[in-house]
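Line order of the protein sequences matches chains A and B. For the first sequence, position 132 (counting from the first letter as 1) is numbered 132 according to this note's numbering, and the numbering increases by one without interruption. For the second sequence, position 334 (counting from the first letter as 1) is numbered 555 according to this note's numbering, and the numbering increases by one without interruption.
Check each hint, because a few of them may be wrong.
[As the list claims (entries may be wrong)] Under the rule of at most 25 Å between Cα atoms (straight-line distance), these lysine-lysine pairs were calculated in the DSS-like manner:
(1) A:Lys-147 <-> B:Lys-589
(2) B:Lys-244 <-> B:Lys-350
(3) A:Lys-147 <-> B:Lys-232
(4) A:Lys-52 <-> B:Lys-589
(5) B:Lys-240 <-> A:Lys-137
(6) B:Lys-367 <-> A:Lys-52
(7) B:Lys-589 <-> A:Lys-204
(8) A:Lys-188 <-> A:Lys-88
(9) B:Lys-379 <-> A:Lys-23
(10) B:Lys-232 <-> A:Lys-204
(11) A:Lys-88 <-> B:Lys-619
(12) A:Lys-137 <-> A:Lys-182
(13) B:Lys-232 <-> A:Lys-137
(14) A:Lys-25 <-> B:Lys-367
(15) A:Lys-183 <-> A:Lys-137
(16) B:Lys-232 <-> A:Lys-52
(17) B:Lys-240 <-> A:Lys-52
(18) B:Lys-591 <-> A:Lys-204
(19) B:Lys-322 <-> B:Lys-368
(20) A:Lys-25 <-> B:Lys-368
(21) A:Lys-147 <-> B:Lys-591
(22) B:Lys-368 <-> A:Lys-23
(23) B:Lys-619 <-> B:Lys-248
(24) B:Lys-322 <-> A:Lys-23
(25) B:Lys-619 <-> A:Lys-23
(26) A:Lys-183 <-> A:Lys-204
(27) A:Lys-212 <-> A:Lys-183
(28) A:Lys-147 <-> B:Lys-240
(29) B:Lys-232 <-> B:Lys-484
Just so you know, these hints were derived from the structure itself, not from any lab.
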Amino acid sequence: MEKPIAPFELRQCASILRSTGEKAKNLRELREIIVRVSDEAIFHHTYQYFLKGHIYQYTNDFAQWAGESLEEEALAEHLSVLDPYEFKTIEDLRGVLLAVIDRYLEDFPEPREAMSGDEFHFNETITLIFPVGVRAKNLAEFLMAIKYVDAGSIYYHFYEARMRLGGGIDDFSAWIDTSLDKKDLAEKVRAIDPFMHSIEEIRKHITEVVEKEARRDMEVV
Amino acid sequence: MISDYAGITPKGDLQLLQKLGEKLRNKAFLHINSTRAGGGVAEILQRMIPLLQEIGISARWEVIEGDDEFFNITKKIHNTLQGNLDHISKEMWGHHYEVNKRNAEKINLEADAVLIHDPQPAPLIEFRKTGKWIWRCHIDASNPLKKVSDYLRRYWEKYDAAIFSVARFARSIPIDEFIIAPSIDPLSEKNRELSDQEISEVSERLQIPRDRPIILQVSRFDRFKDPTGIIKAYKIVKKYNDCILILAGSPATDDPEGEEVLKEVRACAASDPDIFILLLPTFSDRDINALQRMADVILQKSTREGFGLTVSEAMWKGKPVIGGAVGGIPLQIVHGVTGFLVHSVEGAAFRIRQFLNNPDMARRMGEKGKEYVRINFLITRQIRDYLSVWYALENKGKNVLEL
Numbered sequence: 001m002e003k004p005i006a007p008f009e010l011r012q013c014a015s016i017l018r019s020t021g022e023k024a025k026n027l028r029e030l031r032e033i034i035v036r037v038s039d040e041a042i043f044h045h046t047y048q049y050f051l052k053g054h055i056y057q058y059t060n061d062f063a064q065w066a067g068e069s070l071e072e073e074a075l076a077e078h079l080s081v082l083d084p085y086e087f088k089t090i091e092d093l094r095g096v097l098l099a100v101i102d103r104y105l106e107d108f109p110e111p112r113e114a115m116s117g118d119e120f121h122f123n124e125t126i127t128l129i130f131p132v133g134v135r136a137k138n139l140a141e142f143l144m145a146i147k148y149v150d151a152g153s154i155y156y157h158f159y160e161a162r163m164r165l166g167g168g169i170d171d172f173s174a175w176i177d178t179s180l181d182k183k184d185l186a187e188k189v190r191a192i193d194p195f196m197h198s199i200e201e202i203r204k205h206i207t208e209v210v211e212k213e214a215r216r217d218m219e220v221v
Numbered sequence: 222m223i224s225d226y227a228g229i230t231p232k233g234d235l236q237l238l239q240k241l242g243e244k245l246r247n248k249a250f251l252h253i254n255s256t257r258a259g260g261g262v263a264e265i266l267q268r269m270i271p272l273l274q275e276i277g278i279s280a281r282w283e284v285i286e287g288d289d290e291f292f293n294i295t296k297k298i299h300n301t302l303q304g305n306l307d308h309i310s311k312e313m314w315g316h317h318y319e320v321n322k323r324n325a326e327k328i329n330l331e332a333d334a335v336l337i338h339d340p341q342p343a344p345l346i347e348f349r350k351t352g353k354w355i356w357r358c359h360i361d362a363s364n365p366l367k368k369v370s371d372y373l374r375r376y377w378e379k380y381d382a383a384i385f386s387v388a389r390f391a392r393s394i395p396i397d398e399f400i401i402a403p404s405i406d407p408l409s410e411k412n413r414e415l416s417d418q419e420i421s422e423v424s425e426r427l428q429i430p431r432d433r434p435i436i437l438q439v440s441r442f443d444r445f446k447d448p449t450g451i452i453k454a455y456k457i458v459k460k461y462n463d464c465i466l467i468l469a470g471s472p473a474t475d476d477p478e479g480e481e482v483l484k485e486v487r488a489c490a491a492s493d494p495d496i497f498i499l500l501l502p503t504f505s506d507r508d509i510n511a512l513q514r515m516a517d518v519i520l521q522k523s524t525r526e527g528f529g530l531t532v533s534e535a536m537w538k539g540k541p542v543i544g545g546a547v548g549g550i551p552l553q554i555v556h557g558v559t560g561f562l563v564h565s566v567e568g569a570a571f572r573i574r575q576f577l578n579n580p581d582m583a584r585r586m587g588e589k590g591k592e593y594v595r596i597n598f599l600i601t602r603q604i605r606d607y608l609s610v611w612y613a614l615e616n617k618g619k620n621v622l623e624l
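Next comes chain A alone, as it looks inside the complex:
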């Protein structure tokens, strides 16, 4: 007898922003605060940037501020290539952020100040996780679900899961691998680069590879 497939319960996360009360008006102050601010604040300004839908020029809040408010575009570029999902812990990411800023300060020891009112404000989040009332029991239902759910749900399972599960694994490929036993498909989902795409592009790519697989399954039958 075939073993029953554990259904995939789709969930979503939403965050509320909490101010840390810390703000930086120049690069040196930014550095000092990055040293002491909470992991949640680093997480918010880097990982959660992906929730914003890639409409900004750079890829995290620090880079965006360096580019837009300090007009230090080279620094913005250096910070922007940091892929937070490459790091195992937030401490590792914090260390690299500091190293990038230190290197820049060595070359440009007197960077400009942000205009009054344009300081960098450090925030952190409280995250609420909730089921979205959608359950997939097979690949076809999973395909429908991916097309149906909000971007926040894709974010939770594809981005946030990487920190939760560790090792660059997302919920979708983990379920496809372990519950559906489709290792090739799981690999294809894992191969989608989270850093280079918006959530809507991620949705499109997952839909494409899953649809192809579902069609193949159907044709075999």
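Got chain A; can you put chain B on it based on the hints?
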């Protein structure tokens, strides 16, 4: 009805609202502000209270009453928190407190959560009975007159939490400070879809010609909204593009300066027949909706701003928007993506001309703006956030809450 939002607002917002409604079912949620009509706070409360009730929360809205002197004082407090120079005497602070004390005797302050909107009713915290008390600051308090913010600290510090619209408005006070953007209601009379006939009816009644592009700003007649600056920008544009300008606003009962500013605006417009200054009665929501829908370019050229919800209103109608880079406007207008941010009269004039001469770009930005508002600035998201703050205060110390 909350189900009316299905297909308009993001699905997840509705699901989270229902979940939070289950968690906080039958609990009392009291909102208090200082005006029943006029201004964004009253508008959103009118819509929010029934929706909260529908998801099982026992929501109430109370309005504090005050004399003219009280509202003159609170206007000064409001302006000084926004950076204006003014003096608030010991007697004025005393009257501010006394009026709140009298209101506290009349209003039932018992609730599981109390949300106090803006500084007018802030002293009510002194008469707190039960529940979590949250102070909601809707104004741009990023650069307040220190004396005034120092005085108000005595009230703020007694709250469980404060909510600001923008991170830079947050103060260094030893309580939890949350950042929650305000919102618009897509189903309200001000934002719902209108038929062409409904729009024409309004343009005919208000005698607005539709034969040339329309530039519009909707706001109270307040110096911080820079209505005279807009007239100057329009005059620059008019040299190149034939257009008309509409400045439309409703009076607010808590704004004694409105009359004076209106006189200045009329003087600046002089006898230009293509400038329409419309002082619309309170609750002219459908007229405002129609004006926004008939406009070609919408401005919110504020020099100080709490959040500037008229920006989201305009974006929701798919219109290209130009806003002053102050307060919450840069949170709504991502420069060059969902609209343009400007810092001067000349900047406003230049961007108006760009939109008038590039209709494709105007349409593209308008579409992006609408989607941005759908995800970030609709009422369901704001109610979700208020309830999330309340729920987080009930579960203090946890950064991740599973529902």
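We went through each hint and held it up to the structure:
1. Only pairs whose Cα atoms come within 25 Å are accepted, and Lys-147 (chain A) paired with Lys-589 (chain B) is accepted, the gap being roughly 21 Å.
2. Simply put, Lys-244 (chain B) and Lys-350 (chain B) have alpha-carbon atoms about 22 Å apart, close enough for the 25 Å limit, and the pair holds.
3. About 13 Å separates the Cα atoms of Lys-147 (chain A) and Lys-232 (chain B), which keeps this hinted pair within 25 Å; it holds.
4. The suggested pairing of Lys-52 (chain A) with Lys-589 (chain B) holds, with an alpha-carbon distance near 13 Å, which does not exceed 25 Å.
5. Between Lys-240 (chain B) and Lys-137 (chain A), the direct Cα distance comes to roughly 24 Å. Compliance with the 25 Å bound is thereby established for this hinted pair.
6. Taken as a hint, the Lys-367 (chain B) and Lys-52 (chain A) pair is broken in the structure, with Cα atoms around 34 Å apart against an allowance of 25 Å.
7. Among the hinted pairs, Lys-589 (chain B) with Lys-204 (chain A) is consistent with the structure: their alpha-carbon atoms are about 19 Å apart, no more than 25 Å.
8. Distance check on the hinted pair: Lys-188 (chain A) and Lys-88 (chain A) sit about 22 Å apart at the alpha-carbon level, within 25 Å; holds.
9. As the CA atoms of Lys-379 (chain B) and Lys-23 (chain A) are separated by approximately 24 Å, the hinted pair is consistent with the 25 Å bound.
10. With a CA separation close to 19 Å, the supplied pair Lys-232 (chain B) and Lys-204 (chain A) stays within the 25 Å bound.
11. A threshold of 25 Å between alpha carbons decides the hint, and for Lys-88 (chain A) with Lys-619 (chain B) the separation of about 23 Å falls inside it, so the pair holds.
12. The suggested pairing of Lys-137 (chain A) with Lys-182 (chain A) holds, with an alpha-carbon distance near 14 Å, which does not exceed 25 Å.
13. Taken as a hint, the Lys-232 (chain B) and Lys-137 (chain A) pair is honoured in the structure, with Cα atoms around 21 Å apart against an allowance of 25 Å.
14. Pair hint Lys-25 (chain A) plus Lys-367 (chain B) holds up; C-alpha atoms about 20 Å apart against a cutoff of 25 Å.
15. Between Lys-183 (chain A) and Lys-137 (chain A), the direct Cα distance comes to roughly 17 Å. Compliance with the 25 Å bound is thereby established for this hinted pair.
16. Taken as a hint, the Lys-232 (chain B) and Lys-52 (chain A) pair is honoured in the structure, with Cα atoms around 17 Å apart against an allowance of 25 Å.
17. Distance hint between Lys-240 (chain B) and Lys-52 (chain A) is fulfilled; the C-alpha atoms sit about 24 Å from each other, no more than 25 Å.
18. Between Lys-591 (chain B) and Lys-204 (chain A) the CA atoms are separated by roughly 22 Å; this keeps the pair inside 25 Å, and the hint holds.
19. Using a Cα cut-off of 25 Å, the hinted pair Lys-322 (chain B) and Lys-368 (chain B) holds, with the two alpha carbons roughly 23 Å apart.
20. Annotation: proposed proximity of Lys-25 (chain A) to Lys-368 (chain B) holds, straight-line Cα distance about 23 Å (limit 25 Å).
21. As the CA atoms of Lys-147 (chain A) and Lys-591 (chain B) are separated by approximately 21 Å, the hinted pair is consistent with the 25 Å bound.
22. Of the pairs offered as hints, the one joining Lys-368 (chain B) and Lys-23 (chain A) holds, with about 22 Å between alpha carbons and a cut-off of 25 Å not exceeded.
23. Taking the CA atoms of Lys-619 (chain B) and Lys-248 (chain B), the gap is near 21 Å; set against the 25 Å cutoff, the hint holds.
24. For the hint pairing Lys-322 (chain B) with Lys-23 (chain A), the CA-to-CA distance comes to about 36 Å; that exceeds 25 Å, so the pair is violated.
25. Taking the CA atoms of Lys-619 (chain B) and Lys-23 (chain A), the gap is about 23 Å. The hint holds against a cut of 25 Å.
26. Taking the CA atoms of Lys-183 (chain A) and Lys-204 (chain A), the gap is about 20 Å. The hint holds against a cut of 25 Å.
27. The suggested pairing of Lys-212 (chain A) with Lys-183 (chain A) holds, with an alpha-carbon distance near 15 Å, which does not exceed 25 Å.
28. Our distance criterion of 25 Å between C-alpha atoms is met by Lys-147 (chain A) and Lys-240 (chain B), whose separation comes to about 23 Å.
29. Distance check on the hinted pair: Lys-232 (chain B) and Lys-484 (chain B) sit about 47 Å apart at the alpha-carbon level, beyond 25 Å; violated.
Against the hints set out earlier in the document, violations occur for numbers 6, 24, 29.
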